[in-house]
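Residue numbers (my numbering), protein chains in the order written: chain G, 13 to 354; chain A, 13 to 354; chain C, 13 to 354.
Source of the hints: derived by calculation from the structure; they are not laboratory data.
You may find that some hints are simply not true.
Where chains are identical, the list cannot tell them apart; a pair therefore holds if satisfied intra-copy or between any two copies.
No farther apart than 25 Å at their CA atoms in a straight line, the calculated lysine-lysine pairs in the PhoX-like style are these [as the list claims (entries may be wrong)]:
1) K183 x K275
2) K69 x K17
3) K183 x K209
4) K204 x K183
5) K275 x K308
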Amino acid sequence: MSQKKYSLRYLAEFLGSEFIGNPDCEIAGIGSLASAISGHISFLQDSNYKQYLNTTKASAIIIKCKDLEQNQSGNFIIADDPYLAYAKISALFDDTPEVILGTHATAVIGEGSEIASGVSIGPYCIIGRRVIIAQGARIDGACVIGDDVGIGENTRLCSNVTLYHKVKIGKRGLLHSGAVIGSDGFGNANEKGVWRKIYQLGTVIIGNDVEIGANTTIDRGAIEDTIIDDGVRIDNQVQIGHNVHVGAHTAIAGCVGIAGSTKIGRYCMIAGGVGITGHIEIADRVIITGGSNLGKSITESGGIYASGIPAMPHRTWWRILARLINLEDLMRRVKVLERKQL
Amino acid sequence: MSQKKYSLRYLAEFLGSEFIGNPDCEIAGIGSLASAISGHISFLQDSNYKQYLNTTKASAIIIKCKDLEQNQSGNFIIADDPYLAYAKISALFDDTPEVILGTHATAVIGEGSEIASGVSIGPYCIIGRRVIIAQGARIDGACVIGDDVGIGENTRLCSNVTLYHKVKIGKRGLLHSGAVIGSDGFGNANEKGVWRKIYQLGTVIIGNDVEIGANTTIDRGAIEDTIIDDGVRIDNQVQIGHNVHVGAHTAIAGCVGIAGSTKIGRYCMIAGGVGITGHIEIADRVIITGGSNLGKSITESGGIYASGIPAMPHRTWWRILARLINLEDLMRRVKVLERKQL
Amino acid sequence: MSQKKYSLRYLAEFLGSEFIGNPDCEIAGIGSLASAISGHISFLQDSNYKQYLNTTKASAIIIKCKDLEQNQSGNFIIADDPYLAYAKISALFDDTPEVILGTHATAVIGEGSEIASGVSIGPYCIIGRRVIIAQGARIDGACVIGDDVGIGENTRLCSNVTLYHKVKIGKRGLLHSGAVIGSDGFGNANEKGVWRKIYQLGTVIIGNDVEIGANTTIDRGAIEDTIIDDGVRIDNQVQIGHNVHVGAHTAIAGCVGIAGSTKIGRYCMIAGGVGITGHIEIADRVIITGGSNLGKSITESGGIYASGIPAMPHRTWWRILARLINLEDLMRRVKVLERKQL
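Make a model of the complete structure from these sequences and hints.
Below is the structure:
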């Protein structure tokens, strides 16, 4: 249970919502309908789970107006989108430790860097030359920031983030531990079998309100820059190649790999484990389902694309696989049959 | 060759096994049957490789009783499971450098933390407030440990591990470099196209005897905790989403991704590169073969599941792919033929 | 625009190429034909893009002799392989910040280590005992290097690289941030359901001119060593298991996973997201296309292998998937038809 407590009335006002029940009901945490205990607020997003209303131990529930029975007893906050309301309330119960403002004595800061007021820089950070860190930014311990980097207002780097030289990050960003931004793109030219390095002369430009997951990597551009637009959400262990452009408000789930020079539209959703080839373009609002491999451009906005095969009992799959590998033979036999029919 | 040396008798006693041959035969390392040199001990797990017994240069061999010919000359240790016996002996030849006990002068330790006796904390570690580190734990250099973390007895964090606040790790654990435990789960609610962060209020609870590979990430729970039970083995570059529960003694190979809120049973084996969707349950003792995508729950324990397609010459594959994409047409043509037959 | 400027004559001489036009034309950067501005040099690799020659704002172009029209005006450098020429020139415009030679005062260096002249060791590096670092090597800040490691001449470790004990790296290597070399291989023997650790007694040996991407992991060998030969290029987020041998001049793109004890030939190209099973051998000059799963050995050199399925509209894919899962039924029906024909 959190040490933070809010009254039902406070939470409703915070959301700009109406409420039913005891305005002084004290909420000290969030729980799902099934797991909530007394003192928790919960939410009912999907009307199919209405039966949980009878058994939940939550002290209050965020609910759509239409799911509320007449004369239902209890404490409720009315919301069009209870899941979104839950998301907003979750911020009130966030227990991420606060840090001490100022620069830790052990941080190494290169010459010409400008650290604004209200910034926190943790122990053993290494900050290069001519780095600009804007007001309210929080650089947790052991981050390494290269020369000429810029970090916008209220952006947080969790511990052990690495930013190479010249990377720019906008405002209100959140980069999780182990993220590496601005490493060299995979550029190699072949000379009689031997790879010659193509030096990567661009950098990475990240917009405002971008969240980047743990151990995600984003390579710097070969000639121009790799660009992540405003509001993009990237999960853990994602790899984004050089020169990629990710459009605003696109979400990219874990373990996705995007090869170089691909341009992804705005408001796209790319599910876990997707692989996207290089040098293609994806239109806005495209959804790609988990485990798919995208091999060519999608020019029409708004579609859903897939190629993943769901696992099944292995003997079944092996039989199917044997048939698949002999599809040509099956096709030939059908042709023979068709010819006989004529 | 290791600087550690053991007599054949010592090794047999260590294993609780019988031996044949010279009890004073000195063993200074381990080799495979094919590559062993004099002074090595080797093992024969699979009777199909018995011919190697004639050519190996190993000074001693761990062998099943049934694979031993009558009057065979040489030095042997008898074991029901030579591979397991090899595993046990491998600990004797481990050359992981020992560390100096105590806390390095450069480690930063927050107030209220309790470091037990016999603990080693390396240079440039950053340890938060109210952290409990139990006896015999080893925290290698440059680890970052958040507030309110707990680390059990004899657990080792290799260099550059990051633990976020409130993460709990049991006894005898081993976390490899670059592992990030407790980063935010990928929780976002959509408000008119814009993602609103869902603050992640749970943490990660890891049991005893758990090994976690290099650059693996395990996200903290959204509301409740992400849980890794006792004896779980996780390889490198694995991503485990928020609220996931991995049952005891399950093994997860490299590059696996497990989406949020999925529950995996005990004694499962998940091979490399598998993707597992969110919000499903997998029964105990299930095996998932490499490169498969698991999309729905498995309720029966003990099965093997697959969906990976093995690579083949690309022209063959492209022909099959063309047929696959036209499977509907083939089906239609078979229907036409069937109708004509009637 | 870079602060570095070179005359057209200088660049041509640097390449050993002929040039046409104004020898004093000043080049201060590189741009693609489409994006170049005045002062940039560009290149035309593919004759299909010749129309860009009329519109590009580049001040000079690297071009094949055959693509040059008679009496064409402008500044040109003639090259057999303009892309390779671009790669070579890119080194001249590299803006990776230079470092101060010498060992930063905060670096911790274990006893018995030998640091050659002309080496740079950044802040908060932790270097073990008996480490040998050869002339011209550059160890950026916050790297952790275990005991008995060897690093060859002019090799660069970017920030936050971790090398476990005994790892050896050749000359002119480049390891990107977050790379972990020498972590334990995933070795476990099962004893009545419980995993027993197999201690990993080998190490990792990396040749000359090897580049390793950000957050890539290479495990140490179980008994012998994991080996990466000369000239290998490895992208980000690649996982290489224990005992793997990667042959010289092979390139491995992002998110590839290679399971233990597999041997990959020389001059191979492994595209993004490929999964390769353990204990197999791949011949020289083999190409594996993106998203494929390789399950068995390839004994013939030079082929191209594939098994990835390109994503398509999800309704189409689901229909195909339904047919695929019923392939056995289709086969049976074709057999019935064939029997009736007889």
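What are the numbers of the hints the structure violates, in ascending order? Going through the list in order, the structure violates no hint and respects every one.
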